[in-house]
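Peer 1: Each chain, written out:
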Amino acid sequence: GAVVSQHPSRVICKSGTSVKIECRSLDFQATTMFWYRQFPKKSLMLMATSNEGSKATYEQGVEKDKFLINHASLTLSTLTVTSAHPEDSSFYICSARDLVGQNYYEQYFGPGTRLTVT
Amino acid sequence: AQSVTQLDSQVPVFEEAPVELRCNYSSSVSVYLFWYVQYPNQGLQLLLKYLSGSTLVKGINGFEAEFNKSQTSFHLRKPSVHISDTAEYFCAVSEGTGGFKTIFGAGTRLFVKA
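First to last, the protein sequences are chains A and B. Every letter in the first sequence is one number past the one before it in the numbering used here, and letter 19, counting from 1, is 19. Every letter in the second sequence is one number past the one before it in the numbering used here, and letter 33, counting from 1, is 1033.
Everything labelled a hint here was simulated from the structure, so no lab data went into it. A hint or two may mislead.
As the list claims (entries may be wrong) - Covered stretches of chain A, going by a simulated chain B footprint (3 or more residues, C-beta under 8 Å):
{"no.": "1", "region": "23-33"}
{"no.": "2", "region": "64-74"}
Stated by the list, open to error - Pairs of lysine-lysine, DSS-like flavour, derived with a Cα cap of 27 Å:
{"no.": "3", "chain 1": "A", "residue 1": "K41", "chain 2": "A", "residue 2": "K64"}
{"no.": "4", "chain 1": "B", "residue 1": "K1069", "chain 2": "A", "residue 2": "K14"}
{"no.": "5", "chain 1": "B", "residue 1": "K1113", "chain 2": "B", "residue 2": "K1069"}
{"no.": "6", "chain 1": "B", "residue 1": "K1101", "chain 2": "A", "residue 2": "K55"}
{"no.": "7", "chain 1": "B", "residue 1": "K1049", "chain 2": "A", "residue 2": "K42"}
{"no.": "8", "chain 1": "A", "residue 1": "K64", "chain 2": "A", "residue 2": "K42"}
{"no.": "9", "chain 1": "A", "residue 1": "K14", "chain 2": "A", "residue 2": "K41"}
{"no.": "10", "chain 1": "A", "residue 1": "K41", "chain 2": "B", "residue 2": "K1113"}
{"no.": "11", "chain 1": "B", "residue 1": "K1101", "chain 2": "B", "residue 2": "K1049"}
{"no.": "12", "chain 1": "B", "residue 1": "K1101", "chain 2": "A", "residue 2": "K66"}
{"no.": "13", "chain 1": "A", "residue 1": "K64", "chain 2": "B", "residue 2": "K1101"}
{"no.": "14", "chain 1": "A", "residue 1": "K41", "chain 2": "B", "residue 2": "K1049"}
{"no.": "15", "chain 1": "A", "residue 1": "K55", "chain 2": "A", "residue 2": "K41"}
{"no.": "16", "chain 1": "A", "residue 1": "K42", "chain 2": "B", "residue 2": "K1101"}
{"no.": "17", "chain 1": "A", "residue 1": "K66", "chain 2": "A", "residue 2": "K41"}
{"no.": "18", "chain 1": "B", "residue 1": "K1101", "chain 2": "A", "residue 2": "K41"}
{"no.": "19", "chain 1": "B", "residue 1": "K1069", "chain 2": "B", "residue 2": "K1049"}
{"no.": "20", "chain 1": "A", "residue 1": "K20", "chain 2": "B", "residue 2": "K1058"}
Unchecked claim - In silico negatives: residues of chain B with every beta carbon more than 12 Å from chain A:
{"no.": "21", "residue": "V1011"}
{"no.": "22", "residue": "Q1045"}
{"no.": "23", "residue": "S1070"}
{"no.": "24", "residue": "S1094"}
{"no.": "25", "residue": "T1102"}
{"no.": "26", "residue": "I1103"}
Glycine included, C-beta positions come from ideal geometry on N, C-alpha and C.
Please take these sequences and the hints and turn them into a complete structure.
Peer 2: The structure is reproduced here in C-alpha cells:
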C-alpha cells in the first residue's frame, strides 16, 4: 500500500527559531499534498494544499509567511515553521494524493510530527 | 462548502456491546466519505470509505458504515467492541471535484470499558 513518511517525528525548538518538517510519499507520486494541524484532543485543521511545482493554497486564517510550504517534487513537501513561538506547538500531519492515478480519491496520511516550542 | 458534524464528542460503552458513532455532512456536490481512527500520538488509519455503489460499506476491525443520502449521514457501527477499540474516530468528507480537499469532523472519543 501507499506509504507517507514524516520527519522528524518529534522536534523541540526554542522560541524564535525555524523548524522544517518533511513529508515524503515513498512508493507513489503525490501530485497534491495537504498539511494539517491538530491541537490536543481536537480535530485536524487543514492548513494548506500544495500541488507539485506551484505555490501552496492556504486556508483562511493561516499565515503563509509563518508556515512556508514547498512542494518541489512529486515525492516531497516541506513545511517550515518560521520564528516559532510556544503557540505553534502542535501535532502536524501531512497527507498525499495522486490525483492523476487510479486511486485518485485516496488520501494517505503521514504519522505526524509533534512540535514543541519552548 | 462542505462540513462534517460528529454528534457525539465522547461515547462510553462496555466491552462486547454494540456501538454507533454518528456523522452528518453537508455538501452541494457529490462526496466521498471516510472514517479514520487515531490512537494516541499516532497518525490516522483509514477504517473504511464510501465512494459509490452499495451504501453499506465494511471496513477493517469489524467496523461498517451506512451512507444515507437523504439524511446526509454516514454513521459508523460495530456489533461488538473490544477494549482495543478505545481511540478517537474521525468522519471525513472529500468533494469529488476541484481540489479534493478533505474536511474532518471534530472527532468522537470511543471509550470501551471492561
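Peer 1: Each hint: holds or not?
Peer 2: To see whether the hints hold, each was checked on the structure:
A count of 1 residues in the region 23-33 of chain A with a Cβ less than 8 Å from any Cβ of chain B is obtained; the coverage claim is therefore unmet, three being the minimum. Beta-carbon proximity to chain B at under 8 Å applies to 0 residues in the region 64-74 of chain A; the threshold of 3 is not reached and the given coverage is violated. Between K41/A and K64/A, the direct Cα distance comes to roughly 25 Å. Compliance with the 27 Å bound is thereby established for this hinted pair. At roughly 49 Å between alpha-carbon atoms, K1069/B and K14/A are farther apart than 27 Å, so this suggested pair is violated.
Distance restraint check for K1113/B and K1069/B: the Cα-Cα separation of roughly 33 Å exceeds the 27 Å cut-off, and the hinted pair is therefore not satisfied. For the given pair, K1101/B sits about 16 Å from K55/A by alpha-carbon distance, which is consistent with the 27 Å threshold. Under the criterion of a C-alpha separation no larger than 27 Å, the hint pairing K1049/B with K42/A is consistent with the structure, at around 22 Å. The hinted pair formed by K64/A and K42/A meets the criterion: a straight-line CA distance of about 22 Å does not exceed 27 Å.
Distance hint between K14/A and K41/A is fulfilled; the C-alpha atoms sit about 24 Å from each other, no more than 27 Å. Between K41/A and K1113/B the CA atoms are separated by roughly 20 Å; this keeps the pair inside 27 Å, and the hint holds. For the given pair, K1101/B sits about 15 Å from K1049/B by alpha-carbon distance, which is consistent with the 27 Å threshold. For a cut-off of 27 Å, the pair hint linking K1101/B to K66/A stands: about 22 Å separates their Cα positions.
As the CA atoms of K64/A and K1101/B are separated by approximately 18 Å, the hinted pair is consistent with the 27 Å bound. Distance restraint check for K41/A and K1049/B: the Cα-Cα separation of roughly 23 Å lies within the 27 Å cut-off, and the hinted pair is therefore satisfied. With a C-alpha separation of about 31 Å, the suggested pair K55/A and K41/A falls outside the 27 Å cut-off, and the hint is violated. The straight-line distance between the Cα atoms of K42/A and K1101/B is roughly 19 Å, inside the 27 Å bound, and the hint therefore holds.
Restraint check for K66/A and K41/A: the C-alpha separation of about 24 Å stays at or below 27 Å, so the hint holds. Proximity of K1101/B to K41/A is assessed by CA-CA distance (about 22 Å); at most 27 Å being required, the pair is judged to hold. Distance hint between K1069/B and K1049/B is fulfilled; the C-alpha atoms sit about 15 Å from each other, no more than 27 Å. This hinted pair does not check out: K20/A and K1058/B have alpha carbons roughly 38 Å apart, beyond 27 Å.
Against chain A, the non-interface label of V1011/B holds: every CB pair exceeds 12 Å, the least being about 15 Å. With a closest Cβ-Cβ approach of about 8 Å to chain A, Q1045/B is found to fall inside the 12 Å limit, against its non-interface label. In this structure S1070/B is separated from chain A by more than 12 Å, as the shortest Cβ-Cβ distance comes to about 23 Å. Against the 12 Å criterion, S1094/B falls within the reach of chain A, whose nearest CB is about 7 Å from its own CB.
Taking the minimum C-beta to C-beta distance to chain A, about 6 Å, the non-interface status of T1102/B is violated against the 12 Å cut. Some Cβ of chain A comes within 12 Å of the Cβ of I1103/B; the nearest lies about 7 Å off, and the non-interface call is violated.
Figure legend: structure checked against the earlier numbered hints; hints not met, in rising order: 1, 2, 4, 5, 15, 20, 22, 24, 25, 26.
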